[in-house]
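Using the sequences and the accompanying hints, generate a full structural model.
As given, the protein sequences belong to chains A and B, one line each in that order.
Here the numbering used here = 1-based position in the first sequence + 235.
Here the numbering used here = 1-based position in the second sequence + 144.
I should point out that these hints are in silico values taken from the structure, not numbers from a laboratory.
Please note that the accuracy of each hint is not assured.
As the list claims (entries may be wrong) - For each label pair, taking beta carbons as the anchor points, the in silico distance ranges come out as: (1) A:359 with B:213: 29 to 35 angstroms; (2) B:406 with A:238: 30 to 36 angstroms; (3) A:371 with B:416: 32 to 38 angstroms; (4) A:362 with B:157: 43 to 49 angstroms.
As the structure is a prediction and not an experimental result, all values here were calculated from the model.
All C-beta atoms, glycine included, are put in the ideal place defined by N, C-alpha and C.
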Amino acid sequence: MLKKIFTWGLKKSLWVYHAGASACNNCDIEILDLLTPKFDVERFGIVLVGSPRHADVLLVTGVANRQTAPRLKNLYDQVPNPKVVIAIGSCACSAHMFRDSYNYVKPIDEIIPVDIYLPGCPPKPEAMIDAVVKLLGKIK
Amino acid sequence: MFDLLRLMFAFIIMPGFLFTAVVGLLATWVDRKVTARVQYRQGPPWFQPFADLAKLLGKETIVPEGAAKAVFLGAPLIGLAGATLVSTIIWMVNFSHGVTFIGDLIVVLYLLTLPSLAIIFGGSASRNPLSAIGASREMKLILAYELPFILAVFTVVLRTGSIMFGNILGYQLANGMMIQSCSGLIAFLVALIVVQAKLGVVPFDIPEAEQEIAAGALLEYSGPALAVYKLSRAMMYFILPVLLITLFMGGIDLSFWGGIAWFIIKYVIILTLIILIKNTNPRLRTDQAVRFFWGPVTALAAIGFILAMVGW
Ligand code: SF4
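Here it is as structure tokens:
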């Protein structure tokens, strides 16, 4: 019963934290777009929070390099359980065209467990909403 | 024994914790909804604050390494207890004017600082530099707004000649609402601005300042501890307007249906004012806020006080 209430709460109120692991900034802009009045994700209870401690969802953008990889891991550990990670953009999903770069270490999903991959360069806000809807279906 | 049970009931269910929490959460929803409408958005559904709370209660609480654990986890509870107690005192007096004691107004003034103190304690205990900045900002904000607030409240005391809620309500019953007099109106405006700061909403959300110091004093909180903070914040959304109504607008008359409707109208007016101020102003810097409170607002409060002395 308590678990049910909690799951309901989690589904209706996802607080997202935006972890930019050195993206080219375009994915970040699209995430900001998502939070503008036009798309109004607060309808679904999605709110951008400023501290990883408050977050339920980690939005990761960009390719992890030597500087950001350990910090990303650190950030992930700071989010209280239960938590989900969405990799936004082709960079976060597969390292994209930066694969051969000198400072590339390893894919995001080898650093932290990724639940949803959302390719696109950058993905549209509509695609992100779609991803979150799919995520909600996954939460049980 | 029976008395004790009745006290427990008053504190925990009606009009204490449960009642205030539910109405307060609904008030935060109104706040978010109106904010959304001001920005031409749809806004969250009515159960949003409840969903947030349910979720937070189910999450893990992380105590940061090196934090003072007892203070870190105890501070939110202190704030919640303070808010609950204030609500109980004010409501019981409004139910029946006889349930008042000497100086209950002073007690409420002190208890009202508890939620802010809780934020300071929690922020300083969490061993995070940004939280410490948030805590120190909250401290400065308290220093800034308490002076005009006390002046405004004592304008009422001066006019009614009593520091008991029961007598203040009785006076307003006989002589009309406080807000109808010149000094009462000024004191009300001052108190309204102070309430804005006590709630920690824009333009005085300096201690939280999401964009500059993440979430300030609450940065390290997660799970149930954060939920308790959010809850006491929500309860303040209900209590502070009720305090204003009690002091300046003749209180709440629950003996007939019209009285309840009249109370709801007063409450909604104050809440709307708060939300509109919130949505039409940018955040002030700390020094600006202190200057604002100690300058124009205190001057205004002093004028109200003097007017009350000459009997306007
Ligand atoms: S996926 Fe494309 S838009 Fe996004 S960060 Fe990578 S290069 Fe930039």
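Hint check:
no.	hint	in the structure
1	A:359 with B:213: 29 to 35 angstroms	violated, 45 angstroms
2	B:406 with A:238: 30 to 36 angstroms	violated, 43 angstroms
3	A:371 with B:416: 32 to 38 angstroms	holds, 33 angstroms
4	A:362 with B:157: 43 to 49 angstroms	holds, 47 angstroms
When the structure is compared with the earlier hints, violations turn up for hints 1 and 2 and for no others.
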